[in-house]
Amino acid sequence: MKWMYNLDSNNDMWTSDKYETKEEAIQAALEEWTERMLEDRASVEKEFQLGQFVQHMPQIDADWILDELYERAASECGEASESWLSGIPKEAGEKLQEQINKVTTEWLKEIEEYPTFGLIEKVEIIDASKLEYKEN
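By the working numbering, the letter at position 36 of the sequence shown is numbered 1032, and the numbering carries on one by one without gaps.
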């Protein structure tokens, strides 16, 4: 799990780099916080947010696809399609789900559109004024 920080509590968009450890994220936040303090002390909050980044994983619901296939068949062919796709075993549906999401992920990566965004969990408020920045 990667870590990120947010120096602006009024902004929901976290734009920091992602860090492997909590300590690395804290030190990077302190470095930026210190730079901002030197530039304009009045505009800097004494606290910042720290949290774990969770990558958005695109998922396509196989049940939705099967329902859509059935609805189209029923619309085009009427009663002839009535029982089509009604007896698919759970394992087969799970396999379809896995295959669809694998293909979708590969395609998104191929066209360079795989999400780099996500959500932030386990947000902590850190009082920067009580921490010590360790220069490299």
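The set of hints was computed from the structure by calculation and includes no laboratory data.
This structure is a prediction, so every number in the text was calculated from the model and none was measured.
Some hints here could point you the wrong way.
[Stated by the list, open to error] As a list, the in silico EDC-like pairs of lysine to aspartate or glutamate whose alpha-carbon atoms are at most 20 Å apart:
| id | residue 1 | residue 2 |
| --- | --- | --- |
| 1 | Lys1098 | Asp1059 |
| 2 | Lys1105 | Glu1120 |
| 3 | Lys1091 | Glu1102 |
| 4 | Lys1014 | Glu1028 |
| 5 | Lys1118 | Glu1102 |
| 6 | Lys1118 | Glu1031 |
| 7 | Lys1126 | Asp1008 |
| 8 | Lys1018 | Glu1120 |
| 9 | Lys998 | Asp1036 |
| 10 | Lys998 | Glu1016 |
| 11 | Lys1042 | Glu1120 |
| 12 | Lys998 | Glu1031 |
| 13 | Lys998 | Glu1117 |
| 14 | Lys1091 | Glu1075 |
| 15 | Lys1118 | Glu1019 |
| 16 | Lys1091 | Glu1117 |
| 17 | Lys1014 | Glu1075 |
| 18 | Lys1091 | Asp1057 |
| 19 | Lys1126 | Asp1063 |
| 20 | Lys1086 | Glu1064 |
| 21 | Lys1126 | Glu1019 |
| 22 | Lys1042 | Glu1028 |
| 23 | Lys998 | Glu1027 |
[Stated by the list, open to error] Cβ-Cβ distance ranges computed for the label pairs, FRET-style:
| id | residue 1 | residue 2 | range |
| --- | --- | --- | --- |
| 24 | Glu1075 | Glu1108 | 44 to 52 Å |
| 25 | Glu1064 | Glu1020 | 53 to 61 Å |
| 26 | Glu1064 | Glu1109 | 33 to 41 Å |
| 27 | Trp1060 | Leu1034 | 48 to 56 Å |
| 28 | Glu1019 | Ile1061 | 41 to 49 Å |
| 29 | Lys1018 | Ala1069 | 48 to 56 Å |
| 30 | Ala1038 | Glu1090 | 50 to 58 Å |
| 31 | Glu1027 | Glu1117 | 43 to 51 Å |
| 32 | Val1099 | Glu1041 | 38 to 46 Å |
| 33 | Met997 | Cys1073 | 17 to 25 Å |
| 34 | Ala1069 | Val1099 | 20 to 28 Å |
All C-beta atoms, glycine included, are put in the ideal place defined by N, C-alpha and C.
Each hint tested on the structure:
Distance hint between Lys1098 and Asp1059 is fulfilled; the C-alpha atoms sit about 16 Å from each other, no more than 20 Å. Of the supplied pair hints, the one linking Lys1105 and Glu1120 is violated, its CA atoms being roughly 32 Å apart against a limit of 20 Å. A distance of roughly 17 Å separates the Cα atoms of Lys1091 and Glu1102; the hinted pair therefore holds under the 20 Å criterion. Restraint check for Lys1014 and Glu1028: the C-alpha separation of about 14 Å stays at or below 20 Å, so the hint holds.
As the CA atoms of Lys1118 and Glu1102 are separated by approximately 30 Å, the hinted pair breaks the 20 Å bound. Restraint check for Lys1118 and Glu1031: not satisfied, since their Cα atoms lie roughly 26 Å apart, outside the 20 Å limit. Distance restraint check for Lys1126 and Asp1008: the Cα-Cα separation of roughly 24 Å exceeds the 20 Å cut-off, and the hinted pair is therefore not satisfied. Simply put, Lys1018 and Glu1120 have alpha-carbon atoms about 11 Å apart, close enough for the 20 Å limit, and the pair holds.
In summary, the hint linking Lys998 to Asp1036 is not supported, as the alpha carbons are separated by about 30 Å, beyond the 20 Å threshold. Proximity of Lys998 to Glu1016 is assessed by CA-CA distance (about 5 Å); at most 20 Å being required, the pair is judged to hold. Under the criterion of a C-alpha separation no larger than 20 Å, the hint pairing Lys1042 with Glu1120 is consistent with the structure, at around 14 Å. A hinted pair counts as satisfied when its Cα atoms are at most 20 Å apart, and Lys998 with Glu1031 does not qualify at roughly 23 Å.
For the given pair, Lys998 sits about 11 Å from Glu1117 by alpha-carbon distance, which is consistent with the 20 Å threshold. Under the criterion of a C-alpha separation no larger than 20 Å, the hint pairing Lys1091 with Glu1075 is inconsistent with the structure, at around 28 Å. Of the supplied pair hints, the one linking Lys1118 and Glu1019 holds, its CA atoms being roughly 15 Å apart against a limit of 20 Å. Restraint check: the Cα-Cα separation between Lys1091 and Glu1117 comes to about 30 Å, which exceeds 20 Å; the hinted pair is violated.
This hinted pair does not check out: Lys1014 and Glu1075 have alpha carbons roughly 55 Å apart, beyond 20 Å. Among the hinted pairs, Lys1091 with Asp1057 is consistent with the structure: their alpha-carbon atoms are about 12 Å apart, no more than 20 Å. Restraint check: the Cα-Cα separation between Lys1126 and Asp1063 comes to about 57 Å, which exceeds 20 Å; the hinted pair is violated. With a C-alpha separation of about 18 Å, the suggested pair Lys1086 and Glu1064 falls inside the 20 Å cut-off, and the hint holds.
Among the hinted pairs, Lys1126 with Glu1019 is consistent with the structure: their alpha-carbon atoms are about 15 Å apart, no more than 20 Å. Simply put, Lys1042 and Glu1028 have alpha-carbon atoms about 12 Å apart, close enough for the 20 Å limit, and the pair holds. For a cut-off of 20 Å, the pair hint linking Lys998 to Glu1027 stands: about 18 Å separates their Cα positions. Restraint check, Glu1075 to Glu1108: a C-beta distance of roughly 46 Å satisfies the suggested window 44 to 52 Å.
Between Glu1064 and Glu1020 the beta carbon distance is about 45 Å. The supplied range of 53 to 61 Å is therefore violated. Distance hint for Glu1064 and Glu1109: a CB-CB separation of about 22 Å, inconsistent with the stated range 33 to 41 Å. Distance hint check for Trp1060 and Leu1034: the Cβ-Cβ separation is about 53 Å, which falls inside the suggested range of 48 to 56 Å. For the hinted restraint 41 to 49 Å between Glu1019 and Ile1061, the CB-CB distance of approximately 44 Å keeps it satisfied.
Distance hint check: the CB atoms of Lys1018 and Ala1069 are about 52 Å apart, consistent with the given range 48 to 56 Å. A hinted range of 50 to 58 Å holds for the C-beta pair Ala1038 and Glu1090, which are about 57 Å apart. Separation of Glu1027 from Glu1117 is about 24 Å and departs from the stated range, judged on CB atoms against 43 to 51 Å. Look at Val1099 against Glu1041: about 45 Å separates their beta carbons, and that is inside 38 to 46 Å.
Taking 17 to 25 Å as the suggested C-beta distance range, the pair Met997 and Cys1073 does not conform, at roughly 49 Å. Distance hint check: the CB atoms of Ala1069 and Val1099 are about 22 Å apart, consistent with the given range 20 to 28 Å.
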